[in-house]
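**Q** Sequence:
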Amino acid sequence: MMKVGISVWEDRISPVLDGCSRFLVVEIEDGQEVWREGAEISETYLPFRARAIVDLGIDVLICGAVSRPLAAMLSGSGISVIGWMNGNVDDVSQDFLSGKLDARMFDMRRGFGMRKGHGPGRRRLRDCHGRFGKGGIRA
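Numbering-wise, the sequence shown is residues 2 to 140 according to the numbering used here.
Read the hints as simulated data drawn from the structure, not as lab findings.
Hints are supplied without guarantee of correctness; some may be wrong.
[Said to hold, decoys possible] Pairwise CB distance ranges, derived in the manner of DEER restraints: (1) Lys101 <-> Ser43: 32 to 42 Å; (2) Arg37 <-> Ser81: 29 to 39 Å; (3) Gly79 <-> Glu44: 12 to 22 Å.
Even for Gly, the Cβ is constructed at its ideal location relative to N, Cα and C.
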């Protein structure tokens, strides 16, 4: 038996886990969903928030963006965090059940007009003219 938690906003994966208050908890047995239930978490202080998520009894958490501190707290508590996902909650849960989650383009880091130098953890690269235009002179 496995319990999967999914961060929810309306009928989609919540874009940011750190501010998400609604979760769907799905129990899976022999590759089939056998039970699902909604849960609310109102804690905002990260250590208390992490504890509340751990108390849901989930093994895997599917979510959108997640801060490094919260991800570390959850991982340290034994929860596998599958972050940076987006899409309809039912579609994502079905893809998880069928093992197709990685094949779908739910990754928020792609498809948002990212260009060289604009990826996660990178500083923005300036063009050859710098901040103020040619020769560093303010235009």
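**Q** None of the hints should be skipped; say for each whether it holds.
**A** Taking the hints in turn, this is what the structure says about them:
1. Lys101 <-> Ser43: 32 to 42 Å: 33 Å, holds
2. Arg37 <-> Ser81: 29 to 39 Å: 19 Å, violated
3. Gly79 <-> Glu44: 12 to 22 Å: 19 Å, holds
Hint 2 from the list above is the single one not met by this structure.
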